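These protein sequences, in sequence, are chains U and D.
Going by this note's numbering, the first sequence wraps up at 229, each residue one higher than the last.
Going by this note's numbering, the second sequence wraps up at 1229, each residue one higher than the last.
One should not assume that every hint holds.
Cut-off 27 Å, straight-line C-alpha distance, at most; resulting in silico cross-link-like pairs (DSS-like, lysine-lysine) [as the list claims (entries may be wrong)]: (1) Lys1193(D) - Lys1218(D); (2) Lys159(U) - Lys218(U); (3) Lys1159(D) - Lys159(U); (4) Lys218(U) - Lys199(U); (5) Lys199(U) - Lys1218(D); (6) Lys159(U) - Lys1218(D); (7) Lys1173(D) - Lys1207(D); (8) Lys1159(D) - Lys199(U); (9) Lys207(U) - Lys190(U); (10) Lys1218(D) - Lys1199(D); (11) Lys218(U) - Lys207(U); (12) Lys159(U) - Lys173(U).
Far from chain U, by Cβ distances over 10 Å, these chain D residues were calculated [to be verified]: (13) Pro1023; (14) Arg1025; (15) Val1063; (16) Leu1064; (17) Gln1090; (18) Thr1093; (19) Gly1095; (20) Arg1104; (21) Pro1115; (22) Ala1131; (23) Asp1150; (24) Lys1159; (25) Lys1212; (26) Gly1216; (27) Pro1219.
Quick caveat, the hints were computed from the structure, so don't treat them as lab data.
Every value quoted in this text rests on a predicted model; they were computed, and no experiment measured them.
Every residue, glycine too, gets a C-beta built ideally from N, C-alpha and C.
There are 2 protein chains.
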Amino acid sequence: MAKPNKYDSEVETSAQFPVEQAPIRVTVDIVVFTVHDQALRVLLVERGIEPFLGLFALPGGFVLAGETLEQAAFRELREETGTAEVYLEQLYTFGDPGRDPRGRVVTVAYYALVPSGRSPLLAGTDAASAAWFTVAELPKLAFDHAGILDYAVNRLRGKLEYSNVGYELLPEKFTLTALQVLHEAILGRKLDKRNFRRKVLGMGLLKPLKEKLATGRKPAELYSFRDQR
Amino acid sequence: MAKPNKYDSEVETSAQFPVEQAPIRVTVDIVVFTVHDQALRVLLVERGIEPFLGLFALPGGFVLAGETLEQAAFRELREETGTAEVYLEQLYTFGDPGRDPRGRVVTVAYYALVPSGRSPLLAGTDAASAAWFTVAELPKLAFDHAGILDYAVNRLRGKLEYSNVGYELLPEKFTLTALQVLHEAILGRKLDKRNFRRKVLGMGLLKPLKEKLATGRKPAELYSFRDQR
DNA sequence: GAAATAGTGTCTGTTAGACACTATCAG
DNA sequence: CTGATAGTGTCTAACAGACACTATTTC
């Protein structure tokens, strides 16, 4: 547990803020999920600078003046992955003193879901390299990012149990088997095919298309989602 | 929608932080719930200073150097209510630019549950006065606090549906009727007595005491919770 | 014995999990 | 016709909601 730098508790005094406060920096960090090869994966970037040089970290960065937290998250996402057309939701805010050895940093964590099939990779300016890792085989992570990632995985699993989320991870057209594989990858366990199909079809959110996917064996019916929610 | 102050985007350059960032202040705001007179109530403080002088606001304040976000929330809670032995959980972080006309302020919102019966009131140093309001009859609130409060009420209702939460709001010994009244106050609707009792007793979290509460009519059995979770 | 609150059981519809075989296509 | 994946139905247990009367106490 590294102690944070000692700040002078007197900040440049804004005429309008009577209260003194040590400077705190605010960042966003994003747990970017995708599903590929039947596994739930997260995007990590290798740190090119100290501290934690060489370790992997969640993509993220400072919140800039004038942008909302969500805009900051989308911006970082775009810088890191090249796309921002993804589902994004705020997770939790981590702000223990000492979580960054350079000083006090409060980070607002988000998670994002990028559809399988388009999982682009662009090394950001401050990242030596970026790569997808399965949540089962994670490298050593910088800062408190392992805890953030754990939190995100649990949230994602929770949402799946009682809601229609996770649909943001599939391409526009998909088979029921693909949807089931997705759920199994997120939950980390096998599901019964008949029960699964009964449940998702019963929700009424799927629209059967007139198309079949020629998969090499018996062609599978393709589906899409009815509306964007 | 007040525009935030224009900040110079160049901050005093920390030797260790290569990244420039406009100064952002970090606060915690707390939605303090209690139940009294069969109604769900929140603690609000009347603002004694500009901006929003005279309006009511959630108790809260700046995060100080060296303390965790949760510690900051507990500290504010203690300053405002005199006690910090309450359930506290992080809600969501609000950081839109312009939410505070004095400058950029990101607030980490928490909610707290204080047991009915001990709902103390201490006017804090920066609050002209504090008072409990039912969530059905709220005054005009400062900043974006109305939205934060809404969010908290929904979260509390959600937790009640599928978990044992809300139990933090009762005194140590209580009757099943009191527990039902509590649930009804939070949910804002009536519940069936028999179904309610079946459900809560079926959870196995309640311990029937050997005592009865002399209520004037037929005495009611007293219960307590089995363990602290 | 009247007024007030405590306490109790059944029926019904929905949901979730366990479980195994048939259908269709490529080669 | 073999191999592989798609697709389909029943039974059962648990849970949730609707619904009305009896029990105990004070005054």
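Going through the hints against the structure:
1. Lys1193(D) - Lys1218(D): Between Lys1193(D) and Lys1218(D) the Cα gap is close to 16 Å, so the pair holds against 27 Å.
2. Lys159(U) - Lys218(U): violated (32 Å)
3. Lys1159(D) - Lys159(U): Holds - the C-alpha atoms of Lys159(U) and Lys1159(D) are around 14 Å apart, at most 27 Å.
4. Lys218(U) - Lys199(U): Since the Cα atoms of Lys218(U) and Lys199(U) sit roughly 23 Å apart, the hinted pair holds (cutoff 27 Å).
5. Lys199(U) - Lys1218(D): violated (47 Å)
6. Lys159(U) - Lys1218(D): violated (45 Å)
7. Lys1173(D) - Lys1207(D): holds (10 Å)
8. Lys1159(D) - Lys199(U): holds (24 Å)
9. Lys207(U) - Lys190(U): Given pair Lys207(U), Lys190(U) holds - Cα atoms ~24 Å apart, limit 27 Å.
10. Lys1218(D) - Lys1199(D): Measuring from Cα to Cα gives roughly 23 Å; hence the hint holds.
11. Lys218(U) - Lys207(U): holds (20 Å)
12. Lys159(U) - Lys173(U): holds (22 Å)
13. Pro1023: violated (6 Å)
14. Arg1025: Arg1025(D) not clear of chain U: closest Cβ-Cβ about 6 Å, inside 10 Å.
15. Val1063: violated (7 Å)
16. Leu1064: violated (7 Å)
17. Gln1090: violated (6 Å)
18. Thr1093: The claim breaks: Thr1093(D) does not keep its Cβ more than 10 Å from every Cβ of chain U (closest is about 4 Å).
19. Gly1095: Nearest chain U Cβ is 4 Å from Gly1095(D), so the label is violated.
20. Arg1104: violated (7 Å)
21. Pro1115: Answer for Pro1115(D): holds, closest chain U Cβ roughly 26 Å.
22. Ala1131: Given a closest Cβ separation of 23 Å, the condition holds.
23. Asp1150: Correct as stated: the minimum Cβ-Cβ distance to chain U is 16 Å, above 10 Å.
24. Lys1159: holds (13 Å)
25. Lys1212: It holds; Lys1212(D) is separated from chain U by about 39 Å at its closest Cβ, greater than 10 Å.
26. Gly1216: holds (43 Å)
27. Pro1219: holds (40 Å)
Taken one by one, the earlier hints fail for this structure at numbers 2, 5, 6, 13, 14, 15, 16, 17, 18, 19, 20, listed in ascending order.
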